[in-house]
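Residue numbers (our numbering), protein chains in the order written: chain A, -7 to 594; chain B, -7 to 594.
Don't take each hint at face value.
Pairs involving identical chains hold if they fit within one copy or between any two copies, as the list cannot separate such chains.
[Claimed, not checked] Pairs of lysine-lysine residues, derived as DSSO-like cross-links and limited to a Cα-Cα distance of at most 27 Å, are as follows:
(1) K39 - K307
(2) K531 - K30
(3) K395 - K39
(4) K555 - K177
(5) K238 - K39
(6) K106 - K531
(7) K307 - K56
(8) K30 - K161
(9) K555 - K39
It should be emphasised that the hints constitute simulated quantities derived from the structure, not laboratory data. Given the structure is predicted, the values throughout are model-derived calculations rather than measurements.
Number of protein chains: 2
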Amino acid sequence: MVSLRQSVMTVLSTLVLMVVLSNFGVSAENACCSFPCKNRGVCLTGKDPNTYTCDCANLEYYGKNCEIPYFFRKIKNAIRPYPETTHNALVSPYTRWLFGLVNRITFIHDYFMKVIYLLRASILDTPVLYETTHGYATISAHTNSSMYSRTLPPVPQNCPTPMGTKGFKTLPDVDVLIKRLFTRKEFRPEPMGSNLLFSFYAQHFTHMFFKTVKGKAGNTWGGDGVDMTSLYGPNVDDENLLRSFKDGKLQMQEINKEMYPMYNKDVPIKMTYLPHVPENARFAMGHQFFGLLPGLFLYQTIWMREHNRVCDVLKEEHPDWDDERLFQTSKLVILGECIKITITDYVQHLANYNIDVRFRPTVLFDQPFQYRNKISIEFNHVYHWHPLMPETFNISGTVYAMKDFMFHSELVVKHGTAAFTDSLSRQRAGHVSHHNHGSSTLYVLKDVLEHGRELRFQSFNNYRERFNLHRYTSFEEITGEKEMAKDLEGFYGDVDAIELLVGIFVEKRRKGALFGETMVEMGSPYSVKGLMANPLCSKQYWRPSTFGGEVGFDIVKTATLEKLFCRNIDGPCPLVVLRVPEWVEGDVDELNNFEHRVKDEL
Amino acid sequence: MVSLRQSVMTVLSTLVLMVVLSNFGVSAENACCSFPCKNRGVCLTGKDPNTYTCDCANLEYYGKNCEIPYFFRKIKNAIRPYPETTHNALVSPYTRWLFGLVNRITFIHDYFMKVIYLLRASILDTPVLYETTHGYATISAHTNSSMYSRTLPPVPQNCPTPMGTKGFKTLPDVDVLIKRLFTRKEFRPEPMGSNLLFSFYAQHFTHMFFKTVKGKAGNTWGGDGVDMTSLYGPNVDDENLLRSFKDGKLQMQEINKEMYPMYNKDVPIKMTYLPHVPENARFAMGHQFFGLLPGLFLYQTIWMREHNRVCDVLKEEHPDWDDERLFQTSKLVILGECIKITITDYVQHLANYNIDVRFRPTVLFDQPFQYRNKISIEFNHVYHWHPLMPETFNISGTVYAMKDFMFHSELVVKHGTAAFTDSLSRQRAGHVSHHNHGSSTLYVLKDVLEHGRELRFQSFNNYRERFNLHRYTSFEEITGEKEMAKDLEGFYGDVDAIELLVGIFVEKRRKGALFGETMVEMGSPYSVKGLMANPLCSKQYWRPSTFGGEVGFDIVKTATLEKLFCRNIDGPCPLVVLRVPEWVEGDVDELNNFEHRVKDEL
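So here's chain A without its partners, still in its complex pose (with noise of 0.2 Å):
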């Protein structure tokens, strides 16, 4: 009896124990780490952290998971095609015909436009619900600016795995990572013809808008998107430094018969050059990071030139303007130049579409559309593009090591700004994609990463799933090849645990795409909204008055790339392409090829 009395109670005792540890076990996760919530709802854990409810209000799905769609969701969703399906229609060489009248039609195109413009922006929260340092609402995300927003909340805090409940308990090696998958071999030319200036312009619009404070994953010292900050400075102060206070203009210097900025010992505007750079390389300018590379330099350069040649059309239309009006108005037709360009220039080049990508802030007037923007953590990250950049820039037949290119100013101004656009148009950028870093930035790419981790970044898939696209199934679907996708299985077990930025780079390339379809998705939205919520683009500004009259506005109107360089400089118009001339569209699969055979070689 006392045997079989003292084995049941070992037996209960046990069960117990199981059940108290159990409970224990279960008691310290989140119900939220599984991600449950489906198509935007919002997870929140209840009284106890293992029950959890999705919060599906103002959605058009509802459910427990909010999973079921609404009765006019489910013929949308019935009837919207996928992503890759329109990208397919829209760069097909089957449908330009199509897209050539369309936009040969001003109306059915600006239905098109306005389609496009909707669409993409309401991928996106405005206002935003999060910033970088919460992991759900809060009023800071409205009222402390010096914190990204970002697009999906962190993985909760003490979740069993890094990714939520998915993958390894450890994330693999920074270094390691970047050894396998990123670091370039040899370099391997942008499949799409993208040349230098091309990856310049992107490099100087950007950074208008990317300023993470340094050391400091979530923080940010820019304002809320395309403000030309980068030209003017980034407050009052610097802009008077900047200034010249004479018919609105900025203050520029003669050298070797052009103008270019001023040199930093002249205007103690804040710059960050190295120790070595001697006074001749080191210039002033609006943003602190554009001595870094030449290439940045031109632009501000041909930018400030197209400043105070927008002043003298002005002051010529209004002679009784002061220099504030002059100055101030003169800001806002280059910021809404640089906003045109870069939608019919840079974003028609990134798209590739059949259709032509105008600027047409009028068909939005009166639509549900935000006239807001916050940049997001999230497109910074997957902006970091540092593959577009070669290993040696040509210049006029001189080519130059990066070494001897970084911090060189001076460069542009020894072959003149016509010779060096010239060159930059010229030169094919590299591939922003897998095993193509050049080991001068690598060292941004380990920040960006560990950044990501720091920040919680959930799943590349997770992110896929939030921008309409499907969740990938196997590690092959993504990169469409066996050797990488066997290196990521090692890393991360489960292709719902993948980050983000790894995700975006070793991504299969899509058919006449820069890209991969995620690096396309998740950027489009972003760049559409952070442009067309410009407040430029509502109907308050965008009428004649806001730039000084007619003429102003057809500057804006009008700007091309070609023509902001060809204003600007003397004599003969360099070559202003964001393209090698030499690209015919059969590279694509050559380079398809070439890829390929990368990745055999590895």
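We have chain A; now place chain B onto it with these hints.
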């Protein structure tokens, strides 16, 4: 012949001289000084500043002066009732049954609310075009957060008169104006029965966003609107000083068995106290000026208690939440409560409409409504409601003169929050009108009048036109009497030259309203926009998860001023109303007579 030739020459040279002189004379002028552009058209001078164009782009009007409505606007104008008609319909005893019915049928009521929100908000430009330093569109209206926005640009520089082309060459002496039109001779009670709990609601609420930098007419240190910075402090550092860092709560201390803010000696947040104020009257609060009047201290105390109460509720719901999340989410609940109470108690009282003024963010989802707000300097100016303040304060039978009340927060502690609230509910406020500024705030009035001139505000009539009101054609039409009308004529010479604030204060009172037509029709758009454009009202935020689940969301949705006080005061609930209990509608006529009697006496 010679004589004839001489005569001809004399005549010719005189003509030439006249032309030259007239050109000189006129060339100093600016064609925009006469404000020729109607219906929000923007005036721009031509190459010859004597000429102008009106920019009518994106308006519903065209023509040289944007004076001709397009077809649909014409129809809308024809059927749109004049604001006075709408007001009368909404406050008339004869429509009470009708709106009683509307109040009971949610979907019809929602429709009314949507129309009210949209019509009011559409009067203002969002994004704003102007900030206080520039009389034309600038980017800095969006990037320089240290400036108030402004609704109308300033009178151009160098116009013939301070108001453009109308009125005398100089404005009347401010001291004379104050003496003749503003200074209180005898306390005139607020005709709609508003009490001191109302007055301090107005003051504590508006000081959240009206934060003019001392000595700088157009500069603000506030945020963009309703943000509860008055409770939590203007920045994160101050907020941290006020927090307990335990369970999300703010630090409070027990005195006389009630919870109060900490003493400033214990929480070293920047406060503004006169030197003579003793330590036990120096409390630490989120707004540095809230030690000024015990009424502000009362509201602050109650809101802080409410914050801590909400923390307890949320902790009960989410035992696993840390201090930070409890704090941030309670802050959202408090902000939501503040908006809800402001609309359904405070604005309802101000509007005095037969229709219930409700807080229904959902009706604006997917409307072309901008969720962004920028505080306007004109809103600040017309919100100078200092006549609300009486000369003495009766707290539980003890009568305090203003000088014994100011900076005496400890009076709330002494009498207790219950008795203090009760007393404020029972004491009548002053009428916000001419001849009713108490001596203690005349210096503020003087400041604001001078600021209006420094900022070159356009005339009262121009503002009326901007807010869809007819231009007054005589002084008597404004005042509804003869004596002040005569004074005004002497001061300004032309009805189109009256200053904004003067016009607002001398204007005859609207039937069933606290103020004249202009105060209401200007103030309402700013209020509605400021309240409903809060990010909290967007579909991204307005859902249970934002507020920690249904429990927190319900606190917001059902908040009332009475609950706010009663849940945070021990014992029997005091009287919590915004109108003295003995007030009956009939009072209005009695008071109108009283007003006329006062005028007769002056």
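Against the structure, the hints:
1. K39 - K307: between (67 Å within a copy, 9 Å between copies)
2. K531 - K30: Classified as between; 17 Å across copies, 36 Å inside a copy.
3. K395 - K39: Answer is neither; intra-copy 59 Å and inter-copy 52 Å both fail.
4. K555 - K177: neither (38 Å within a copy, 69 Å between copies)
5. K238 - K39: Close across copies (19 Å), not inside one copy (66 Å); limit 27 Å.
6. K106 - K531: Classified as both; 15 Å inside a copy, 22 Å across copies.
7. K307 - K56: Between copies, since 24 Å is at most 27 Å while 64 Å is not.
8. K30 - K161: within (24 Å within a copy, 68 Å between copies)
9. K555 - K39: between (63 Å within a copy, 26 Å between copies)
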